[in-house]
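Engineer: If you count the sequence shown from 1, position 89 lands on 182 in this note's numbering, and the numbers rise without skipping.
Wrong hints could be hidden among the right ones.
Derived DSS-like pairs: lysine-lysine, alpha-carbon spacing no greater than 25 Å straight-line [as the list claims (entries may be wrong)]:
#1 328 with 398
#2 282 with 327
#3 206 with 325
#4 398 with 432
#5 285 with 206
#6 325 with 285
#7 170 with 99
#8 201 with 325
#9 325 with 282
#10 401 with 170
#11 327 with 201
In case anyone wonders, no lab produced these hints; they're calculated from the structure. Because the structure is a prediction, the values reported are computed rather than measured.
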Amino acid sequence: MERLRKCFFFIVMTVILLMPFYPVWSEVSVALLFVVGIGARGIVDLPAIDKKTSVLPLLMLTFFVLAAVSLLHSYDKLSGLDNLHTYIPFVVLPILMLYYRDELLDNKIILLKVLSSGILTASALCLILAVIRSLHIINGHLVFNPFAGYRNQFVYTYLSVFQYTNTFAMMTVFVVAAMLWALMFRNVKHRKWMIYTAIGLSILMVFLLSSRTNVYALFAVLYYSVIIFYIKFKKLIHSLLLLVGVTGLFWVFQTCNYRVMNLSQTVTSYITEEDVTMDNGYVIKHPEKIENVNIRFQMWETGFKIAKRYWLQGCGIGDFKNMLRERYGQDGIAEAYEKCYDQHNQYLETLGTTGILGFALLVAMMGYALYQAWRQRNYLLFCSLFILALNMLLESMFNRYSGSLFFVVSLLLASAVGGETEKVCDNNRNEAITQ
Numbered sequence: 094m095e096r097l098r099k100c101f102f103f104i105v106m107t108v109i110l111l112m113p114f115y116p117v118w119s120e121v122s123v124a125l126l127f128v129v130g131i132g133a134r135g136i137v138d139l140p141a142i143d144k145k146t147s148v149l150p151l152l153m154l155t156f157f158v159l160a161a162v163s164l165l166h167s168y169d170k171l172s173g174l175d176n177l178h179t180y181i182p183f184v185v186l187p188i189l190m191l192y193y194r195d196e197l198l199d200n201k202i203i204l205l206k207v208l209s210s211g212i213l214t215a216s217a218l219c220l221i222l223a224v225i226r227s228l229h230i231i232n233g234h235l236v237f238n239p240f241a242g243y244r245n246q247f248v249y250t251y252l253s254v255f256q257y258t259n260t261f262a263m264m265t266v267f268v269v270a271a272m273l274w275a276l277m278f279r280n281v282k283h284r285k286w287m288i289y290t291a292i293g294l295s296i297l298m299v300f301l302l303s304s305r306t307n308v309y310a311l312f313a314v315l316y317y318s319v320i321i322f323y324i325k326f327k328k329l330i331h332s333l334l335l336l337v338g339v340t341g342l343f344w345v346f347q348t349c350n351y352r353v354m355n356l357s358q359t360v361t362s363y364i365t366e367e368d369v370t371m372d373n374g375y376v377i378k379h380p381e382k383i384e385n386v387n388i389r390f391q392m393w394e395t396g397f398k399i400a401k402r403y404w405l406q407g408c409g410i411g412d413f414k415n416m417l418r419e420r421y422g423q424d425g426i427a428e429a430y431e432k433c434y435d436q437h438n439q440y441l442e443t444l445g446t447t448g449i450l451g452f453a454l455l456v457a458m459m460g461y462a463l464y465q466a467w468r469q470r471n472y473l474l475f476c477s478l479f480i481l482a483l484n485m486l487l488e489s490m491f492n493r494y495s496g497s498l499f500f501v502v503s504l505l506l507a508s509a510v511g512g513e514t515e516k517v518c519d520n521n522r523n524e525a526i527t528q
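With the sequences and hints as input, model every part of the structure.
Structural biologist: Here you go:
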């Protein structure tokens, strides 16, 4: 048993370290983590349910059960099974959290450091490959063209080792928030190294990320950190200098990031006076290719029609995508139909898939975490919730295993670090005991 437990924690470290790279191994390793963890603990040794620390894991487990139930009334059960496997982190990690709560809480700082190391390694790899891709030999001369290497291609997103752009971007913002939390609320070693690393990651994200949502989330975290820094340390000059630095970086982002510059422009690739008949027989009047921010409003309107129709029980995890694509065709959204876009909004997708109960559970998870963050003054949990809430507004996170994995890991890890109120209570308790 002791060897199994050591093996379990070794796998935990490995999974968290390699999360940013997310190849197919991630799903296998999480399954292995569950088998080893249950085997080391024993089926007879059931976890103790504590009201305060078990609410969030139990809500996650219930959310998975509801998603599984929605599969039963789906017509396309094969597609439903394929989609349901992306929800596995909602059942595996909460169960392990309940079993190993004390051990994981004791090692929470180590887990944060391991995740930070993985992000830093992945970021360094991105930068190295960006430089390599910028080098070209022309007429026997070595030419460096950074536009081709990283400004236009955004190596954070298009390198083969990173399958999903938004998840990696969310992880990077989360790690920056974790470093700033450690600097402000804990007596940590290598403070200067952490400061330079947080600044370096922030600058890299401005130039290398195509996920505009997460770069804006990054600046929200940075501005929030400046406010917390001033409230905690009351250093006006330092706070003003930090504010000027963050604002300057934001200006650079607005003027140098290629996708942000395109965001302010109307992107129309073609306009034709001819009607287009798609392969399903639907006719689109005067089709236009528009910028993806604008098309999302049309997609949300389409998804809302499905969610409104099946608001009570949902249409099922196996049928939502098929219904959505069919409605894209009926509504004449050619690009979304042809490329089989998902809903790009997790709230609407949850409502349409699992009905009002699933939507309520999703809100309950976020709401309870927000209550916990407010009650304990948990800076990192606040930041984590903001990152997740913003991305879920613009992406269907749970359609991808990496998205579900990050959602569960970030919430459980951020809630585990505790907050200032909790630390004050602990200190008062320790003083009372010593006296």
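Engineer: Compare the structure with each hint and give your call.
Structural biologist: Right, here's what the structure says about each hint:
no.: 1; hint: 328 with 398; result: violated (52 Å)
no.: 2; hint: 282 with 327; result: holds (23 Å)
no.: 3; hint: 206 with 325; result: holds (24 Å)
no.: 4; hint: 398 with 432; result: holds (20 Å)
no.: 5; hint: 285 with 206; result: holds (15 Å)
no.: 6; hint: 325 with 285; result: holds (19 Å)
no.: 7; hint: 170 with 99; result: violated (39 Å)
no.: 8; hint: 201 with 325; result: holds (23 Å)
no.: 9; hint: 325 with 282; result: holds (20 Å)
no.: 10; hint: 401 with 170; result: holds (22 Å)
no.: 11; hint: 327 with 201; result: violated (29 Å)
Hint violations for this structure: numbers 1, 7, 11, all remaining hints satisfied.
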